[in-house]
Every structure is written in structure tokens, then in C-alpha cells.
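Read top to bottom, the protein sequences are chains A and B. Per our numbering, the very first residue in the first sequence carries number 1; after that it's consecutive. Per our numbering, the very first residue in the second sequence carries number 1; after that it's consecutive.
Errors might be hidden in some of the hints.
[Said to hold, decoys possible] Straight line, CA to CA, 16 Å or less: simulated EDC-like cross-link-like pairs of lysine to aspartate or glutamate:
hint : chain 1 : residue 1 : chain 2 : residue 2
1    : A       : K8        : B       : E220
2    : B       : K184      : B       : D205
3    : A       : K8        : B       : D205
4    : A       : K11       : B       : E115
5    : A       : K11       : B       : D205
6    : B       : K211      : B       : E73
7    : B       : K50       : A       : E248
8    : A       : K11       : B       : D128
9    : B       : K50       : A       : D247
10   : B       : K26       : B       : E220
11   : B       : K114      : A       : E248
[Stated by the list, open to error] Per the computed footprint, the stretches of chain B lying under chain A, defined by three or more beta-carbons under 8 Å from a beta-carbon of chain A, are:
hint : region
12   : 12-20
13   : 73-80
14   : 89-96
15   : 123-134
I should point out that these hints are in silico values taken from the structure, not numbers from a laboratory. On a predicted model such as this, the values are computed, not experimentally measured, just so you know. Where is the CB? At the ideal position from N, CA and C, for every residue including glycine.
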Amino acid sequence: MKKVTETKRTKIIEAYSRFTFRKIVFILTSMGALLLLVLFAISVGAANLSIGDVIRAVLSRIFPNIESTRLASIVVWELRLPGILMAIIAGAGLAISGAAMQGILRNPLVSPFTIGVSSSAALGASIAIILGFGLIGTEKYFVITNAFIFAVASAFLVIGLSRLRGITAEVLILAGIAVMYFSSAATSLLQYIATEEQLKVVIHWLFGSLSGATWEQVLIITMVLVCCLPLLIKYSWDINAIASSGDEVAISLGVNTSLVRRMVLVLSCLITAGIICFTGIIGFVCLVAPHITRMLIGADHRFLLPFSCILGAILLLLADTISRTIFSPIIIPVGIVISFIGVPFFLYLLLTRRKEYFA
Amino acid sequence: MILEIKGIHFSYRSRKVLNDITLGIKEGELLSLVGPNGSGKTTLLKCINKILKPKQGTVMMKGEDVGRMNLKELAKCIGYVPQSSLTSFPSTVFDIVLLGRKPYLTWGVSSEDKEIVSRVLELMKLEDFALRDFNELSGGEKQGVLLARTLAQQPEILLLDELTSNLDLRHQLEVMNLISSVVKKEGISAIIAIHDLNLASRYSDQVVFLKDGEIYAEGEPKSIFTPENIRQVYGVEAIVNHDSGRPHIISIAPINSSLNMGGRNEG
Chain A
1 MKKVTETKRT
11 KIIEAYSRFT
21 FRKIVFILTS
31 MGALLLLVLF
41 AISVGAANLS
51 IGDVIRAVLS
61 RIFPNIESTR
71 LASIVVWELR
81 LPGILMAIIA
91 GAGLAISGAA
101 MQGILRNPLV
111 SPFTIGVSSS
121 AALGASIAII
131 LGFGLIGTEK
141 YFVITNAFIF
151 AVASAFLVIG
161 LSRLRGITAE
171 VLILAGIAVM
181 YFSSAATSLL
191 QYIATEEQLK
201 VVIHWLFGSL
211 SGATWEQVLI
221 ITMVLVCCLP
231 LLIKYSWDIN
241 AIASSGDEVA
251 ISLGVNTSLV
261 RRMVLVLSCL
271 ITAGIICFTG
281 IIGFVCLVAP
291 HITRMLIGAD
301 HRFLLPFSCI
311 LGAILLLLAD
321 TISRTIFSPI
331 IIPVGIVISF
341 IGVPFFLYLL
351 LTRRKEYFA
Chain B
1 MILEIKGIHF
11 SYRSRKVLND
21 ITLGIKEGEL
31 LSLVGPNGSG
41 KTTLLKCINK
51 ILKPKQGTVM
61 MKGEDVGRMN
71 LKELAKCIGY
81 VPQSSLTSFP
91 STVFDIVLLG
101 RKPYLTWGVS
111 SEDKEIVSRV
121 LELMKLEDFA
131 LRDFNELSGG
141 EKQGVLLART
151 LAQQPEILLL
161 DELTSNLDLR
171 HQLEVMNLIS
181 SVVKKEGISA
191 IIAIHDLNLA
201 SRYSDQVVFL
211 KDGEIYAEGE
221 PKSIFTPENI
231 RQVYGVEAIV
241 NHDSGRPHII
251 SIAPINSSLN
261 MGGRNEG
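Isolated chain B (complex conformation) (with noise of 0.2 Å):
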């Protein structure tokens, strides 16, 4: 194990977010956290590199355990990029890039660092954008740009929350396959938050299915991804079809729902 979450507890005010989370992730692997809105796949991104501090429990990084490491120490290790990206002051993507390797700079910019950035801006197909400001690409571009800067960051854990969900069909596929190959050639492990099922049944190593901020179930795709589960944790009644080799959900009517049921009908 790579990482290991222990007993993590999390509450903002008096909502509990986070009861008694205990997972674990190996090396090159990627896993997939999976759930409704307000589930605490985000809090529990976040409590893994100390943006939140939970209540209680502990995470331990190759058996270090996190909440005595120092920020900078940290951000060598885990690279972060979260659900939604801000606008700022005008920055080319270069520059964003570069702020990957703020860990490891003091001040001045070594040639090590450009030519990190460059081969990361290489791989990520970046290269014609590089002198162009950030705010002007596309929702495809920017995610690139900032798994891009997590990848200079050259740390051993990724963990990134909701990377496709904005995405258009072929972007999604190009960050998966990206993030997956990443994994695989490089030995890093990923932890991603995931709306889209299938990706993260295609994708995924390990899936972690989070209701009402506990594990309901773990797994990898094809014992976890059932009827059952699904009904259970989404409400929703789903097929789930096993015949691309990976199960494969099409989802088909909530359970019980308080929503009008016949589709659009707004008289």
C-alpha cells in the first residue's frame, strides 16, 4: 500500500460529511470513487492532502503519516487538481505548468524545471498552446493544462476530482486513457472522483462506491458494479451488461421518485 486511510472522520459545523472512511491503494493503481452529490468524494480528496483536516483518523504516505508531514514535503508527493478551475489574472499555460514544480523551486527556474514542463506539455499535447493564456483555451484544453501541472508536479499520487464531467465525449475518453496510461507507465496511483460509471468501469482498478459519507461498498468493476448497488446507492434501477468484458450500466428509472416520472412535462 502506497497510501492508507485510516478511520477518517470529517464534519463541516454539525453536518457529518465523513464516517469512519478506511481504504487503501497499491502502486499503479488506479481507483475510482464513486457516488451521489454530497457522498464525500470531495472531502475525502481533500482530506487527503490536508486542504480539510478530519476530525479524527489518520492518513499514512508509505507508512508516513501525512498530518505530521510539512506542505511543501507533501506537495512532492500527491498532485491535486479540483472540480472546478478558477479564472485569474491573465497566465500562460507555460506559467501554469511551472507552478507544478513550486514544491521543488526557491526562486530561480533551473533548465531541470523547463525541461520538465516542456516534456509534460509535450505529453499532454500541449506544445503549440504553451505561450498562450490560460483563460482562452477550451474546458478540454484547461483540464489538460492542469493535470498537466499536477504531472510536474512528479509526485507518486493523483488525486483528481471530477476531471471529465465537463468534458465532450472524445475528451473524456483522450483524459482517461491519458490518467490510465499515466498510471501504468509511470507507477503512479491515481485516486479520482467520478460521476460517469462507465468510465470508471472501463478505467478503474479498485471502484469505491460512498453513500451518505460512508463505504457502502469496494471493489474492483466486476463484482462491484450491480443492480443491487446501484439501486441502493443511487436509487436508481439499472441493467448492467457484462458483454464489452467490463460491466457496462445503462440506468433506467429512479426508484420512488418524488420527480415526475414521464419526462419533461413542465404544464
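Bound conformation, chain A alone (with noise of 0.2 Å):
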């Protein structure tokens, strides 16, 4: 009789061992694709360059032996790769703010985005962009630190209000609705004033953009993102509790929830404050990422929270590529590109896949 149970409780540990094993098999099969997309994103583009030109080019300068030509040297480090590994960092970081905050407030619709730090981005963007006005630096990063400084204040702002009333999705999100049509009307006013020239740059930089990415620019946001994702992915099993018995129970499981959800939030925005503040308004990413993840793997944010990362990296480098390619040479906006193939593709889970989804 003790044999039988034995066998049975072994039956159970392989069980969920497999089941997490696929998880992990999901993961790694996930980053070889977006290993091949990246080759093929770095192969195609206005520039007619051969993949055997790319790889010679990328070569080049880690191995002075190998030679390259000048032109696909320049289109490849200055052009294409600045673009990509800013499409694939941001989509990561966005993707995993938008996983830990719907988490964490146990709400589906929930991301950076919904609480108005975009829109107070945009407000920044647009003061220094029309009015030539900025709180730090020089003119010419007055958009950026403009954005930046607006989108954390406007965070700040959002969490503190709702502290005040204690920290439900409900009152974030009310909170951050009423900040995002502040800095709506406010953007509105100033484009209303501002000159046709100053009208486009303001509305290029709404539509968001990766095509002019730099290394500087790449490097900054993988520090922010070296900083952040490790403390964020320490918070899973603390996310774990509240995501899927709320607070009291997580409490009763020794997690001190006021803090965890503070620090999540807080780790959530300076991420995606960090990245649009370079990139523009690409919204969809860090709201449909963890949906998509959610669906394939589940909801356990051990694996959820980076693999969401990889996720978010391949569908924007996705659209980033199409965007690129699709009206060569004419650029259409990454934001408007990531909508069109992000949404069918989010659909498509919703309606197929609803019982692994949301109760």
C-alpha cells in the first residue's frame, strides 16, 4: 500500500517537472528565434547587402583580420544595429513592465501606458519641442530629459495619489486616466499654438520611433535595464503570492505586499520612462506581450517575467523589420506598425486559447 502512494507521489513531481520543463524548452526555442530573426532583420533594409556582406561587416570590427567594405561596414554598425538592439532592449523592458504591473495589481488592462506615463512623456516631449524648453541639459537633449523627467514626476505623482487612498488597480488606474487627460489637453494646447514645422516633429515623436537609435542611446537604456530587470525578476515569487491570492493571503505568506507593490511600480516606469523617452509612444508592446506570454506558458512570473521579455524583443524587432522593409525606403512608424501585426496575433490567442487564459 506505502508503494502505491509512493509511485503516486513521484507521478505528481514528474508532472510538474515536465510542465516546467516546457516552460524552459519554450524559453530557449523563443530566443533562438529571435537570434534568426535579428540575423534576418540586419540582412534586410533600403541597402542591398547579401547576409555573407552582413556577417563579414559585423565581423570586421571584432576581428580586424576579416575584411568588409566600407559601405556595408557603415549600414550595418551605424545603420541597422543601433536600431535593432534598441527595438530588442525596449521591447523587453516594455514587455516586462507591463507583466510585473498586471501582476502585481492582479488587473489584466493594466500596463505604464494606462497610467498616464506616456502621455506625460509626450507632455514633456512636446514643451521642449514647441516651446524650446527644458529642465535639464543642453537644447539638443531637451526632448529626452524632458520626457523622461515628465513621465517619472508623472508616475510619482500617480502612486502617491493612490497611496492616499491605498494602492488598488481601480485607484492607479483612475488616477492615471486623470493625469493622462491633463497632459492630453495640455499637449493639445500646445500643439494648437505650435508652428506646422514644430507640429510634425511633435507628431513623429508621438508615433514612436526606433530608425534613429544610436549606441549612446542603446547603451543608456541597457543600464537601466541591467539595473532594473534583476530586481524586478527577484520580486517573482512575491508576485507570484499577490497575483493569484491578493494581498491578505500574500501577507499571510510573509510577503510585505505595500512595499513589493511599491517597488514594482516604481521599477516599472523608470524602465518604460527610460526607453520612450529615446524611442517615442510604442504603446502595445507592454500591454500585449504578457497576454501572449501569459497564454503560451502561464502565470507564474519565474518564467513569466522573461520570457515576456523575449517576447516583447521579438515582436518589436518584428515590426521594427516590417516597418523598415515593408514601403522601402519610406519608413512608416514602428507604433502603427506593432499594432497592425500585434493585435490579429492577440485575437487570435483570445478567441483559441481562452481556457488557459483569464477566469
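The task is to assemble the complex, starting from two chains supplied on their own in separate frames and drawing on the hints.
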């Protein structure tokens, strides 16, 4: 008799191990897919380079004995690589911010964008572009610094406001919407008094774009992510406890819920602000990448957070590649393309995988 | 005494909910909190494990002040199942029960953790549900999973809030049998808030009657379930029958009710 129950227990554990193993396979496969996508993205574009040219150009700067043409080297290293890397880290950062926030607030509709971070960034950028006014830095960087400072300030404002009433998803979203309307109204007012030329710049910023990415920007965002991602992922178990059972149970499991919630919110908003101040508004990724991830591997944040990074990166890089190539040499803003490819995929998963999705 | 509650006061803003509650529970004892809606049962449970902070008074766990213990240490001693479970993002039963190991985990899940989870699942007869989505289970199965999670915590005290209220007759008995066997076999103590007086009478070692945030009476089921106590606390006329060894309560009618006592009359 005892033997029977022991084998049954072993079976449960084995089944769970297989379940975990499947998630790891999923993550590794998607990393492979991302790598292939990078190779593809780097070899397509307005300048006609073969994949061999591209590989030689990439390697030539690492190994000096490999020969490459000057044109290929410049196209690859100065034009394509920064954009591609920007797509990867921006996609990863936006996706993990959304995933962590949705978990911590137990709500599938929130993201840093729904609590007003993006519209405040837009206001900051508009002030720099239209009024030529910047809070810190030199004129060249006013748009970036303004966007970042406004985004972070509004995040702190919203979090601070909702702390007065207890940080729940509802309060946070309502406070966020209030801030969003205010920022949008202010941005509209600025657009109303802007010149034709300024207006064009503002609207281009609002669309979101990766084409202006530089190595410098890539480096800065990478540094932000290197600091913030491990911290976020460290909270996986705490987010699991809150997301699956709510605050009271999480407390009874030893989680300091208010501290965890505040930390996750602040980190998510910092990551998002750090990204969109360079890229402009690329919204859809941080809402939808976590959902797609959750449908594929479930809501265990130990896997969900890293996997949503990879998926966000794939999604944004795919959108960027399409935006560069579909009407080449004209570049369609990536913020537009991502909605066009993300929405149908999302709806497909929503309709076919309902059971494994949301109760 | 494994747990001692001394002079607990609690209020939500200006409304007083608990007024000078003092009680204790021994090892391996099942204590039931009974009383009408709003009498403070849930609030008292939440004050014990620091979900709520009492305005006054202390909770001592084996001589240590709970107010000064950190949440993680406390979570290794006290398990809690709330009144209503929330639906959430999809999660397997195994993962939910694994959360009970949260106070012990740093990052990785050890084979010991998995072993404990599988043993608890087996104890609760949930082996076949291990990889099912929690949200798809029936009410009784869900309560079983939540109880399993607290058992995986390996606590010394269980706080259970209305665990049986939404269950059918058979599941009520099964869950109560399970709790009482865990209490007796593992020497765990349990404090349960419960509405069904007969279940309380049948399974409890001690019963505490709460009325308007105060302890109205406490003691063994035999001495405490009297028509007089039930009349005073609930305002209900009842007959108490001792044939089965434990008091059995048959409610008759509310006293001086403002509601229509003739049953359903919607005209």
C-alpha cells in the first residue's frame, strides 16, 4: 500500500517537472527564434546587402583580419545594429514592465501606459519641441530629458495619489486616467499654438520610432535594464503570491505587499520612462506581450517575466523590420506597425486559448 | 498555550469592531469562533496574523510577541485561508499549493518542497488535479486546494475563515473531518470562524461566542450551546438536543423580529 502512494507522489512530481521543463523549452526556442530574427533583420533594408556581406561587416570590427566593404560596415554598424538592438531592449523592457504591473495589481488591463506615463512623456517632449524649454541638459537633449522627467514625475504623482486611498488597480488607473487627460489637454494646447514645422516633429515623436537610435542611447537603456530587470525578477515569488491570491493571503505567506507593490511600480515606470524618452510612444508591447506570454506558458512570474522580455523583443523587432522594409525606402513608424501585427495575433490567441487564459 | 490573545481592540475608522478580546488556544486544539454577521470573527482572525493591526493589545505566539515577528517568520507558524477566494490569472493547483512554501523559498524549488506539496495533495485527495487550472475547480475542490496550501506552509496554527460555508453537506463533513484529523494527528491548533453551530458543536474542543466585538461566552461545546446563549447572541429561539453526545441545535424562530415571521410573503 505504501509503495502505491509513493509512486503516485513520484508521478505528481514528475508531471510537474515536465510542466516546468516545457516552459524552459519554450523560452529557449523563443531565444533561438529571436536570434534568427536578428540575422534576418540585419540583412534586410534599403541598402542591398547579402547575408554574407552583413556577417563579414559584423565580424570585421571584432576580428580585424576579416575584410569588409566600407559601405557594408557603415550600414550595418551605424544604421542597422543600433536600431535592432534598440528594438530588442525596448521590447524587452516594455514587456516586463507591463507583465510585472499586471501581476502586482491583479489586473490584465494595466500597464505603465494606462497610468499616464506615456502621455506625460509626450507632454514633456512637446514642451521641449514647441516651447524650446528644457528642465536639464543642453538644447540638443531637451526632448529626451523632458520626456523622461515628466514621465517619472507623473508616475510618482499617480502612485503618491493612490497611496492616499490604498494602492489598488482601480484607484491607480483612475488617478492615471486623470493625469493622462490633463497631459493630453496640455499637449493639445501646445500643438494648437505650434508652427507647422514643430507640429510635424511632435507627431513623429508621438508615433514612436526606432530609426533614430544611436549606440549612445542603446548603452543608456541597457544600463537601466541591467539595473532594474534583476530587481524585478527577484520579486517573482512575491508577485506570484499577490497575483494568484490577493494581498491578505500574500501577507499570510510572508510577503510585505505594500513594499513589493511600490518597488515593482517604481521599477516598471522607470524602465518605461527610460525607454520611451528615446523612442517616443510605442505603447502596445507592454500591454499585449505579457498577455501573449501568459497564454503560452501560464502566470508563474518566474518564467513569465523573462519570457515576456523575449517575446516583447521579438514583437518589436518584427514590427521594426516590417516598418523598415514594407514600403522601403519609406519607413512607417514602428508604433503603427506593432498594432497592426500584434492585434490580430492577440485576438487569435484570445479566441482559441480562452480556457488557459483568464477566468 | 501555544497562542495567547491579550486585550485586543480594533476599530475601522470610528466603528469599534473588537473590544478587549482575550483568549488562548492549546496545542492540538480546535477552537471555533461563532457569532452573528459583523460580530468580529473575521477581524479577529486577521488581527492574529498581522493582516490587520490591532489598536491595542498583544498576540503572543509561544511566548513571542507576534507584533514584533517579521512576516516571513510568522508565515512559518500561522497559515490562513480567507473567507472568499479570488479568481486570478490561471494557475495550476500544484503552483497554488507550492506558494505555501513561499516563506521557506529563496528562488529555486527544492525536491523537498516538491515532496511536501505532493504529500499534501495526496492527503487532500487532490492528486488528479495537480496540473489542472485552479479556476476550473468546483467550490469544494478549491477550498481543498487552499487548505492544502496552508498545510504546505507546515504551520503550527491554522486560521480558517468560513471554510465550509459554500460547501454541500458531504464536502462540509469531509473538510471538517480533515481539519480535525490534521489537528489531532499533527498537533496543529486551528482557530476557525464558522456559521454552522452544529458543525462547530461536533468538531470543536473550545467554542467562543462573539457578540458585538466582545466575548459573550466561551467554553466546551457541551456547556456553551444553551438555548439561553443562542437567544442572547443571535436573538433566535432554539432547542438544544443532547441525544448524540454533542449538543445539537435546532433553530425555531427569531425573537421579536422586524421581518415577517410567516415565511415568504411578498405581497
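Query raised in the report: Can you list which hints this structure breaks, lowest number first?
Result: 1, 3, 5, 6, 11, 12
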